[in-house]
Amino acid sequence: MFRARRIWVTAAAVLAVAGGSPGLAQAAVPSDVRPSNTAADKEGGLPPGWRIAGEGAERQLVWRSTAPVPMGDARVEFYSGGRMLGVPRPDKDGRTFRLGLGRGAATTGLKGLHVQAGGRELDAAGRTETPGGRRSAAAAPPARLPANSVDPGKPGQYGTTTGEYDLDPVKLPGFPQPVEMRAVVVAPKGATGHRPLALFLHGRHSTCYTRTDVTGDWPCPQGTKPIPSYRGYLRDQRLLASQGYVTVSISANGINAQDDAAEDGGAQARSSLVRQHLARWADWAAHPGSAPAAVRNAPPADLSRVLLVGHSRGGEGVNRAAMDSLYPPPAAQDGYHGPVRWHIRGTVLIGPTIFGQNPVADVPSATILPGCDGDVSDLQGEVYVDGTRGVSKGSALHSAVYVVGADHNFFNTEWTPGQAQAPAEDDFYNEPGHRDPVCSPGTSTRLTANQQHKAGSTYIAAAARLFVAGDDRVRPLLDGSGRRAPSADPARVLTHAVGANRAGGFLPDGKVTVTGGRLCSAVDPDAHVACLGPNTKGASPHFAQWETDREVGRRAVALQWSSAGSAVKVRPETPAELSGAKDLALRVIVPPNSKGTKLDVSLTDTHGRRAAVGRIAVDGLPGTERTASYWAREVRVPLSAASRAGLDLKHVKSLELTPRSRSGKAWLMDAWGWRPGTPAVQEPALPRVDIGRTTVKEGDSGVRTYRVPVQVSGQGSGQVRVYVADPVTGRTQARLVTVHPGGHDIDVPVEVKGNTRYSYDVDNTVIVKAVQGAVIGSYRGGVTVQNDDPVPTITVTPEADRVTEGKPLKWKVSLSEAADVDLSPMFVVAPVTGGPELSTKDVDPAWLANASGESPDPERPLSQVRYLYLGADVPKGKLSAEVSLPTVRDRVTESAESVRFQLTNDNGDPQPGGPVLSGTVLDAS
Numbered sequence: 001m002f003r004a005r006r007i008w009v010t011a012a013a014v015l016a017v018a019g020g021s022p023g024l025a026q027a028a029v030p031s032d033v034r035p036s037n038t039a040a041d042k043e044g045g046l047p048p049g050w051r052i053a054g055e056g057a058e059r060q061l062v063w064r065s066t067a068p069v070p071m072g073d074a075r076v077e078f079y080s081g082g083r084m085l086g087v088p089r090p091d092k093d094g095r096t097f098r099l100g101l102g103r104g105a106a107t108t109g110l111k112g113l114h115v116q117a118g119g120r121e122l123d124a125a126g127r128t129e130t131p132g133g134r135r136s137a138a139a140a141p142p143a144r145l146p147a148n149s150v151d152p153g154k155p156g157q158y159g160t161t162t163g164e165y166d167l168d169p170v171k172l173p174g175f176p177q178p179v180e181m182r183a184v185v186v187a188p189k190g191a192t193g194h195r196p197l198a199l200f201l202h203g204r205h206s207t208c209y210t211r212t213d214v215t216g217d218w219p220c221p222q223g224t225k226p227i228p229s230y231r232g233y234l235r236d237q238r239l240l241a242s243q244g245y246v247t248v249s250i251s252a253n254g255i256n257a258q259d260d261a262a263e264d265g266g267a268q269a270r271s272s273l274v275r276q277h278l279a280r281w282a283d284w285a286a287h288p289g290s291a292p293a294a295v296r297n298a299p300p301a302d303l304s305r306v307l308l309v310g311h312s313r314g315g316e317g318v319n320r321a322a323m324d325s326l327y328p329p330p331a332a333q334d335g336y337h338g339p340v341r342w343h344i345r346g347t348v349l350i351g352p353t354i355f356g357q358n359p360v361a362d363v364p365s366a367t368i369l370p371g372c373d374g375d376v377s378d379l380q381g382e383v384y385v386d387g388t389r390g391v392s393k394g395s396a397l398h399s400a401v402y403v404v405g406a407d408h409n410f411f412n413t414e415w416t417p418g419q420a421q422a423p424a425e426d427d428f429y430n431e432p433g434h435r436d437p438v439c440s441p442g443t444s445t446r447l448t449a450n451q452q453h454k455a456g457s458t459y460i461a462a463a464a465r466l467f468v469a470g471d472d473r474v475r476p477l478l479d480g481s482g483r484r485a486p487s488a489d490p491a492r493v494l495t496h497a498v499g500a501n502r503a504g505g506f507l508p509d510g511k512v513t514v515t516g517g518r519l520c521s522a523v524d525p526d527a528h529v530a531c532l533g534p535n536t537k538g539a540s541p542h543f544a545q546w547e548t549d550r551e552v553g554r555r556a557v558a559l560q561w562s563s564a565g566s567a568v569k570v571r572p573e574t575p576a577e578l579s580g581a582k583d584l585a586l587r588v589i590v591p592p593n594s595k596g597t598k599l600d601v602s603l604t605d606t607h608g609r610r611a612a613v614g615r616i617a618v619d620g621l622p623g624t625e626r627t628a629s630y631w632a633r634e635v636r637v638p639l640s641a642a643s644r645a646g647l648d649l650k651h652v653k654s655l656e657l658t659p660r661s662r663s664g665k666a667w668l669m670d671a672w673g674w675r676p677g678t679p680a681v682q683e684p685a686l687p688r689v690d691i692g693r694t695t696v697k698e699g700d701s702g703v704r705t706y707r708v709p710v711q712v713s714g715q716g717s718g719q720v721r722v723y724v725a726d727p728v729t730g731r732t733q734a735r736l737v738t739v740h741p742g743g744h745d746i747d748v749p750v751e752v753k754g755n756t757r758y759s760y761d762v763d764n765t766v767i768v769k770a771v772q773g774a775v776i777g778s779y780r781g782g783v784t785v786q787n788d789d790p791v792p793t794i795t796v797t798p799e800a801d802r803v804t805e806g807k808p809l810k811w812k813v814s815l816s817e818a819a820d821v822d823l824s825p826m827f828v829v830a831p832v833t834g835g836p837e838l839s840t841k842d843v844d845p846a847w848l849a850n851a852s853g854e855s856p857d858p859e860r861p862l863s864q865v866r867y868l869y870l871g872a873d874v875p876k877g878k879l880s881a882e883v884s885l886p887t888v889r890d891r892v893t894e895s896a897e898s899v900r901f902q903l904t905n906d907n908g909d910p911q912p913g914g915p916v917l918s919g920t921v922l923d924a925s
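This note's numbering puts the first residue of the sequence shown at 1, with every later residue one more than the last.
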């Protein structure tokens, strides 16, 4: 087995844009590399819980938690300092995670190793790590908002009927096992005519269960049952059905059990499954007699009025289904190839993932953000709102619905303790003796499971009523107008939005000049550039990390003041047009738990006329270091004062914010001219970009050039940002590219130099994001270069294998031939074949701590120390290295003691018949 110390590659990726030079700058070394907290890490070894397994192309970086890590929707990710190494695959034990180093990691070293999931750190128990230091005091719940004129959470006039169907499973690309076509239908009784259809898709959860345990298998082994996650939204379905909707909730266990190998986390597979079901409903609408009984007992569905509801990875799945219904994906990656006979009117996304950061700008959406989410805890779903700005026409409403005190799981009753058939838990881990002031059960801000689910049902119904039924009276519940639905009480639900009747925006993402403050970047390794520094307690959904070490064009305006009166001016390159707007709507972030941040708002037109339009006051959300509570509140000021002052609202050149609080911080996400109403949405024809992946052999000689497969389909032209990751450092280079269907505008050549010496597989990865007038399907791909040379044979020669205590044992580890990469054969401690064994008190205690994280006490044979390895670091181009084991001299008279280490196999266990490091230590007395 080999341990990675440095990973060098023989392929180089160069971004070339057709018709121009790359002009790319190398990213700076991250400044927030986390210092290692273990001696083993400082000395160049691996921290406790980490090891390297496998040989050659099968090398893996392995982390094992001391307790099971629940199967969830956020991806478990390995990091070295501030740099993501990759997404590991879980073992069936639920504790062990493996990342292929040849094909997954891009790093020059393994320093500061740590594990994240959804932006939170995982400690050794596989739970949420609580940072040290003083805990912040929790604020009281936000004030109760005025009631809206209509309450969509009230049941409608219809009774409901419930049934299920179970069709033949379907085969999806890249998934070895077929995926089930199972669903539960809840429909209104006595409703006439064709009724709109709401389809629900659950997220990634365990798939099979017994009375006491859960697994991620598929199909479920004998003695276990499938977890019925698809039945977890029955309350939501019954509410919608009572209001006249036909509803169906579909099962996706077969995807959950297999999506760990999917580059997009299973988004395309989930889209295919959704559209497979919609195709069946279209068939049944045309031929009612062929429908299952559960469908025949329902009113006919109107496929021109479809709402998609997705939870967690299901949210990303229904977003992709909405995209694929408008802009077809490449046939080879899609699991549905029929016509589109439905129209998606909107989506509801509950605690969603968005690995691709590719929202559909022209399909209205409402994204529910649970304030105590312990799974997708960075609340990355905010990108479904922020990520649509400026991408397309902007007429679709995109709403963020922040539910204070809600966790991730309780929106699904089958994931809720006391309600689920299978074992379930609260995903926001409540640490014994260290309660969270906001999110631990029993606090004034934390919701019970039933309170949370009731709030979720209400806001799903609100989205249905606005997006599908077109009832503008519910819009104030979703668009930041500051109204509440009494049916959701006592939950405190806050909203903001972009799109719809917003125009003339002041957008930090575009070309803009800021004076008195600073333009900050959502994701940047430089603390002076990033909007939130690395020492910030808590996180912001607006600044959720993506796969790049820095992002271009994703920004906010940061304000910081120590006295009132220092104005911050924002001036876009093109004057904003606010004519016809009723108010100026601003989305402003202030620190969690802060109160009464006051800012005066002024506008200046291109003629130099300036008008004070009002004062805003913003309070922070309840938050701690474990929540993502740096979230923008929407505030509005009337534009009537500007009109009275004679301001030319067609040509507004600048926006000024003047703090009136004594000191503070704030971040302006954007500002828009706003007026009431919900405009009709028309989906324009746009180009769609899909990045593929190709795998090639290194070869024995010569230089070959391969290109990352890119497909641009659809119509028109648009702009995208292309990021090319350096396969050595993992840092990215970015370029803005204009794409055209069928064109080769994104051209990423990869040079591969063949040789006959062993090296590692190399991933040359490209990711892409829409900027304007385009959509992104498969956002990630590249060229994988496979090593095709054999692993050198390892031999061991003793140099000092019989020594007096206090002197080191030494061996020489040799390779049969030099390699093009550093190799570190790993040897695991094994019981000696006879006689006394060297103990933990016979070796240097600092070495023992560095090598295993263990203490010498209590004294025990070395073979009883977990994760104790010896490694030989053979630099690239060299043939051998020395390995030593330091012993200590004691005053105890004892007989000779031995030790034995054996070369490991792919799993880190002793390799039968493999080379052995053995030695004997003699008493010095």
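In case anyone wonders, no lab produced these hints; they're calculated from the structure. Fair warning: this is a prediction, and the values are worked out from it, not measured in the lab. Hints may contain errors.
Keeping only pairs whose Cα atoms sit at most 30 Å apart, straight-line, the calculated DSS-like set for lysine-lysine is [as the list claims (entries may be wrong)]:
| # | residue 1 | residue 2 |
| --- | --- | --- |
| 1 | Lys665 | Lys582 |
| 2 | Lys653 | Lys511 |
| 3 | Lys154 | Lys171 |
| 4 | Lys665 | Lys511 |
| 5 | Lys697 | Lys598 |
| 6 | Lys569 | Lys454 |
| 7 | Lys189 | Lys454 |
| 8 | Lys753 | Lys810 |
| 9 | Lys807 | Lys697 |
| 10 | Lys653 | Lys393 |
| 11 | Lys537 | Lys665 |
| 12 | Lys582 | Lys393 |
| 13 | Lys653 | Lys569 |
Comparing the hints with the structure gives:
no.: 1; hint: Lys665 - Lys582; verdict: 28 Å, holds
no.: 2; hint: Lys653 - Lys511; verdict: 13 Å, holds
no.: 3; hint: Lys154 - Lys171; verdict: 40 Å, violated
no.: 4; hint: Lys665 - Lys511; verdict: 23 Å, holds
no.: 5; hint: Lys697 - Lys598; verdict: 62 Å, violated
no.: 6; hint: Lys569 - Lys454; verdict: 43 Å, violated
no.: 7; hint: Lys189 - Lys454; verdict: 22 Å, holds
no.: 8; hint: Lys753 - Lys810; verdict: 37 Å, violated
no.: 9; hint: Lys807 - Lys697; verdict: 47 Å, violated
no.: 10; hint: Lys653 - Lys393; verdict: 22 Å, holds
no.: 11; hint: Lys537 - Lys665; verdict: 14 Å, holds
no.: 12; hint: Lys582 - Lys393; verdict: 20 Å, holds
no.: 13; hint: Lys653 - Lys569; verdict: 10 Å, holds
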